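*Asks:* Just so you know, the sequences run in chain order H and R. Position one of the first sequence corresponds to residue 857 (the numbering used here), numbered consecutively onward. Position one of the second sequence corresponds to residue 10 (the numbering used here), numbered consecutively onward.
Hints are computed from structural coordinates only; laboratory data are not their basis. Since the model is a prediction, treat every value here as computed from it, not as a measurement. We treat Cβ as the ideally placed atom computed from N, Cα and C, and that holds for glycine. Honestly, I wouldn't trust all of these hints.
Derived Cβ-Cβ restraints for the label pairs, each shown as a range [said to hold, decoys possible]:
| # | chain 1 | residue 1 | chain 2 | residue 2 | range |
| --- | --- | --- | --- | --- | --- |
| 1 | H | G872 | R | E62 | 32 to 42 Å |
| 2 | R | Y109 | H | Y895 | 18 to 28 Å |
| 3 | R | E62 | H | D922 | 35 to 45 Å |
| 4 | R | R27 | H | A873 | 26 to 36 Å |
| 5 | R | R72 | H | P968 | 43 to 53 Å |
| 6 | H | A873 | R | E63 | 37 to 47 Å |
| 7 | R | H19 | H | P866 | 31 to 41 Å |
| 8 | H | D934 | R | E62 | 44 to 54 Å |
| 9 | R | L92 | H | E913 | 38 to 48 Å |
| 10 | R | E84 | H | R897 | 38 to 48 Å |
| 11 | H | Q857 | R | F78 | 10 to 20 Å |
| 12 | R | L70 | H | N883 | 14 to 24 Å |
| 13 | R | S36 | H | Y907 | 37 to 47 Å |
| 14 | H | P866 | R | G25 | 34 to 44 Å |
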Amino acid sequence: QKEVEQDPGPLSVPEGAIVSLNCTYSNSAFQYFMWYRQYSRKGPELLMYTYSSGNKEDGRFTAQVDKSSKYISLFIRDSQPSDSATYLCAMLGIQGAQKLVFGQGTRLTINP
Amino acid sequence: DSGVTQTPKHLITATGQRVTLRCSPRSGDLSVYWYQQSLDQGLQFLIQYYNGEERAKGNILERFSAQQFPDLHSELNLSSLELGDSALYFCASSVEASFYNEQFFGPGTRLTVL
Numbered sequence: 857q858k859e860v861e862q863d864p865g866p867l868s869v870p871e872g873a874i875v876s877l878n879c880t881y882s883n884s885a886f887q888y889f890m891w892y893r894q895y896s897r898k899g900p901e902l903l904m905y906t907y908s909s910g911n912k913e914d915g916r917f918t919a920q921v922d923k924s925s926k927y928i929s930l931f932i933r934d935s936q937p938s939d940s941a942t943y944l945c946a947m948l949g950i951q952g953a954q955k956l957v958f959g960q961g962t963r964l965t966i967n968p
Numbered sequence: 010d011s012g013v014t015q016t017p018k019h020l021i022t023a024t025g026q027r028v029t030l031r032c033s034p035r036s037g038d039l040s041v042y043w044y045q046q047s048l049d050q051g052l053q054f055l056i057q058y059y060n061g062e063e064r065a066k067g068n069i070l071e072r073f074s075a076q077q078f079p080d081l082h083s084e085l086n087l088s089s090l091e092l093g094d095s096a097l098y099f100c101a102s103s104v105e106a107s108f109y110n111e112q113f114f115g116p117g118t119r120l121t122v123l
């Protein structure tokens with residue numbers, strides 16, 4: 857069983873829809889939770905990060921972490937065609953070394 | 010543009026061969042990371058260097074090795090290549106190596122082993 861599980865999709869929604877992406881994890885040592893966006897043939901870029909449990913909002917993006925359920929989510933409001941990409945969740949423990957553990961990534965398409 | 014550069018962009022080689030991938034971190038970043046991205050395994054951490062010293066290892070094969078040079082650029086060496094080594098290889102860099110520091114990813118090197 858992988859430490860981080862993420863549905864690879866693909867997920868296809870109409871423009872303007874609310875998108876919900878999520879990951880589950882098994883390692884209770886994870887303290888930092890990140891969402892990366894990866895466009896085709898590009899490197900991942902950090903969208904948001906959250907420390908421990910709670911919500912964080914940045915424009916149209918909201919990240920939620922529920923450590924009791926070992927479940928994290930990313931919500932995208934008013935989705936745009938430019939949001940079409942692969943979204944990867946990533947997690948990190950406090951170990952003195954930054955060994956990011958990634959989910960498989962969810963491929964998202966926003967249809968105009 | 011993240012500021013991390015990787016060369017070459019594409020590499021096509023044969024089984025049994027050896028290749029070297031190069032990474033230049035963002036200006037001021039001391040820590041370099043290597044990741045492998047394949048369709049079946051996803052994005053996996055290979056190894057981390059901080060200011061020239063190895064800091065952490067992931068599931069890196071013994072056929073693979075890396076180093077970080079005094080000018081902070083890094084090289085990933087892949088030897089005795091197998092078909093299964095075909096993947097995207099990403100380098101990332103961050104300012105420090107402890108606690109949370111945002112990792113900035115390069116554009117990647119696409120390796121194809123025939």
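*Asks:* Run every hint past the structure and note whether it holds.
*Replies:* Hint-by-hint comparison with the structure:
The hint said 32 to 42 Å for the Cβ distance between G872 of chain H and E62 of chain R, and at roughly 50 Å that hint is violated. Taken as a hint, the range 18 to 28 Å holds for the pair Y109 of chain R and Y895 of chain H, whose Cβ atoms sit roughly 24 Å apart. Checking the proposed 35 to 45 Å range against E62 of chain R and D922 of chain H shows it holds: the Cβ atoms sit about 37 Å from each other. A hinted range of 26 to 36 Å for the beta carbons of R27 of chain R and A873 of chain H is inconsistent with their spacing of about 48 Å.
The hint said 43 to 53 Å for the Cβ distance between R72 of chain R and P968 of chain H, and at roughly 46 Å that hint holds. Take A873 of chain H and E63 of chain R: their Cβ atoms lie about 45 Å apart, and the range 37 to 47 Å holds. Under the hint 31 to 41 Å, the C-beta atoms of H19 of chain R and P866 of chain H, about 25 Å apart, miss the expected range. Taking 44 to 54 Å as the suggested C-beta distance range, the pair D934 of chain H and E62 of chain R conforms, at roughly 46 Å.
The hint said 38 to 48 Å for the Cβ distance between L92 of chain R and E913 of chain H, and at roughly 45 Å that hint holds. Against the hinted window of 38 to 48 Å, the Cβ-Cβ separation of E84 of chain R and R897 of chain H comes to about 23 Å, which falls outside the hint. Separated by about 38 Å at the C-beta atoms, Q857 of chain H and F78 of chain R break the suggested range of 10 to 20 Å. At about 23 Å, the beta-carbon gap between L70 of chain R and N883 of chain H stays in the expected band of 14 to 24 Å.
Against the hinted window of 37 to 47 Å, the Cβ-Cβ separation of S36 of chain R and Y907 of chain H comes to about 27 Å, which falls outside the hint. Between P866 of chain H and G25 of chain R the C-beta distance comes to about 36 Å, which sits within the given range of 34 to 44 Å.
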